[in-house]
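Residue numbers (my numbering), protein chains in the order written: chain S, 1 to 405; chain D, 1 to 112.
FYI, nobody ran anything at the bench for these hints, they're computed from the structure.
Heads up, some of the hints might be wrong.
Capping the alpha-carbon separation at 30 Å, the derived lysine-lysine pairs in BS3-like fashion look like this [unchecked claim]:
hint	chain 1	residue 1	chain 2	residue 2
1	D	Lys-90	D	Lys-75
2	S	Lys-105	S	Lys-165
3	S	Lys-333	S	Lys-267
4	S	Lys-10	S	Lys-61
5	S	Lys-61	D	Lys-17
6	S	Lys-61	D	Lys-12
7	S	Lys-272	S	Lys-165
8	D	Lys-84	S	Lys-84
9	S	Lys-85	D	Lys-35
10	S	Lys-85	D	Lys-8
11	D	Lys-12	S	Lys-137
12	D	Lys-24	S	Lys-85
13	S	Lys-105	S	Lys-143
14	D	Lys-12	S	Lys-84
15	S	Lys-366	S	Lys-341
16	D	Lys-24	D	Lys-108
17	S	Lys-61	D	Lys-24
18	S	Lys-5	D	Lys-8
19	D	Lys-17	D	Lys-35
20	D	Lys-85	S	Lys-61
21	S	Lys-137	S	Lys-165
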Amino acid sequence: MYVLKDEQIKFILEDIRRNGIESEELQLSLLDHICCVIETEMLAESHFEEFYRSILPRFFKRDLREIQEETNLLLTFKNYYAMKKIMLNSGMFSAITFIIGAVLKVMHLPGASVFILLGIVSFCFLFLPLLSILSVKEQKETKDKVVIGIATVFGILISLATLFKVMHWPFANIMWIVSLGILFFLFLPVYFFTGIRNAETKINTIISSILILTAGGLLFTLTNLRTSRWTDESFYNSDDHLRDAALYASEQNQIAFSKDTLSLEAKTLHEKANALCTQIETLKTGLIAYSSHGEEGLTEGQLIRNYGSSLNFASDFLFDDKGKARKDLAQIKLDLADFNKYRESTLKQKPSNLLALEDVYKFGEKEQGKITWEENNFSHLSIATTLRNFNQLLLNIRLVESSAY
Amino acid sequence: MYSSELIKGTLKTIILKLLSQNDKMYGYEITQKVKELTGGKIQLTEGALYPTLHAMEAQGILTTDVVNVGNRIRKYYSITQTGKKVASEKVNEFSEFIDTMIFLLDLKPKMG
């Protein structure tokens, strides 16, 4: 058996490295294998380097680098089939859940949000990333990989922006604008200029670019989809009239209750009404400041004209994460109940529908179950409607109060 | 000697079966063992052997043990529990494949 010298082993190792075997483990494996072959097959009188050169072609068809390439391929693609399977299944899952969610949403049926959420989340975080990884691996040129990468980022962002918009979550608009910015100013130029230089893909690139531009344009027109100025103005008018009416009723009551002929009980009721109205006004002031998008000193009218249809603020301010009313709103309800009780027991007056505090059916439908007075009047509403309902409450208190004189 | 196309599809099965019968083996040993067992009819090409060994190691089908042999390093491969399952699956699959091929190509199995 031939015994290899240290410098011969070093020579083989360096030759393996030079021939494109990059990973150390593979270098050492091949080194041992080649050494074994030489030790068992080489005759004592043979020339080492000549013999080494003669056995090397056993290891490849073209060159030694093939072994490194084949190893890389097997290592990177070890999960290829699993990834492809997950990609297809998650794609199917996303499509089905999203369609179900959208149909439920259009028909105002329960469960819509859950399906839409599941569909978009699996689309963004399973399907699109896997599709991107698998597509990038199939592309040889860096520019094509870059195009796929940008398209993936755009796809994820626009889907999430849609989800946020549908769910009325914050930052939806900024995400929407950023994703369209990526589409128009990054993806489209890169896609267009890489595709148009190649004669084979030129026509397809032009057509696809026009389609992308049109689709992006259509999405952009939806960006500022909000109520018309006429609708905003109708919110404003409705709120303004009610505020005026409540103020007028309040003034009339102040005059009426200042007469000495009224009983002490009637005057106590008037004080209770005044206290209630002050509590409501304080809560309203807090809500207006909270919903003013950081603009200081915005009046109720200005807020409604500028942001009246905004759905994000009123519920966040008045209810906690679990949907429980904030303390001062809950206190107003308690004091209203006390006000009703005082009227009915002390002043012997008939109960009034205007200040009914009972739970009611959600959306007026029995099968939807009951919701509380505060949920019915102040939850899930636009800022304009919430303020309007507070003003209605102020007016109702004054109307009910007026029955005492 | 059989063509490399025929051997390529069975390489993994051959390696796993050998390793489940032997405690641990190194690359050269595997090629020599196969050659010996088949009377030279099957010769594993090194170009396919090492990528497959490394991939199976990464998949957790094989584990390795590094030993210094004189002035170089030798990597011994042994089969894991998962690998044993894969080995029996592969052997069964191949056995069914042979039955199918016998039927498909209308071959008469040699008796005895």
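Structure-based check of all given hints:
Taking the CA atoms of D/Lys-90 and D/Lys-75, the gap is about 24 Å. The hint holds against a cut of 30 Å. For the suggested pair S/Lys-105 and S/Lys-165, the alpha carbons sit about 13 Å apart, so the restraint of at most 30 Å is met. For the hint linking S/Lys-333 to S/Lys-267, the alpha-carbon distance of about 21 Å falls within 30 Å, and the restraint holds. Proposed proximity of S/Lys-10 and S/Lys-61 is supported: the alpha carbons are some 24 Å apart, at most 30 Å.
Proposed proximity of S/Lys-61 and D/Lys-17 is supported: the alpha carbons are some 27 Å apart, at most 30 Å. Between S/Lys-61 and D/Lys-12 the alpha-carbon distance is near 20 Å, which keeps this suggested pair within the 30 Å criterion. Restraint check for S/Lys-272 and S/Lys-165: the C-alpha separation of about 43 Å exceeds 30 Å, so the hint is violated. Taking the CA atoms of D/Lys-84 and S/Lys-84, the gap is near 26 Å; set against the 30 Å cutoff, the hint holds.
About 38 Å separates the Cα atoms of S/Lys-85 and D/Lys-35, which puts this hinted pair outside 30 Å; it is violated. A threshold of 30 Å between alpha carbons decides the hint, and for S/Lys-85 with D/Lys-8 the separation of about 25 Å falls inside it, so the pair holds. Between D/Lys-12 and S/Lys-137, the direct Cα distance comes to roughly 24 Å. Compliance with the 30 Å bound is thereby established for this hinted pair. Distance hint between D/Lys-24 and S/Lys-85 is unfulfilled; the C-alpha atoms sit about 34 Å from each other, more than 30 Å.
This hinted pair does not check out: S/Lys-105 and S/Lys-143 have alpha carbons roughly 40 Å apart, beyond 30 Å. For the given pair, D/Lys-12 sits about 22 Å from S/Lys-84 by alpha-carbon distance, which is consistent with the 30 Å threshold. Distance check on the hinted pair: S/Lys-366 and S/Lys-341 sit about 28 Å apart at the alpha-carbon level, within 30 Å; holds. For the suggested pair D/Lys-24 and D/Lys-108, the alpha carbons sit about 37 Å apart, so the restraint of at most 30 Å is broken.
Note on S/Lys-61 and D/Lys-24: the hinted pairing holds, with a Cα-Cα distance of about 29 Å set against a maximum of 30 Å. For the hint linking S/Lys-5 to D/Lys-8, the alpha-carbon distance of about 35 Å lies beyond 30 Å, and the restraint is violated. Pair hint D/Lys-17 plus D/Lys-35 holds up; C-alpha atoms about 15 Å apart against a cutoff of 30 Å. Among the hinted pairs, D/Lys-85 with S/Lys-61 is inconsistent with the structure: their alpha-carbon atoms are about 33 Å apart, more than 30 Å.
Between S/Lys-137 and S/Lys-165 the alpha-carbon distance is near 33 Å, which puts this suggested pair outside the 30 Å criterion.
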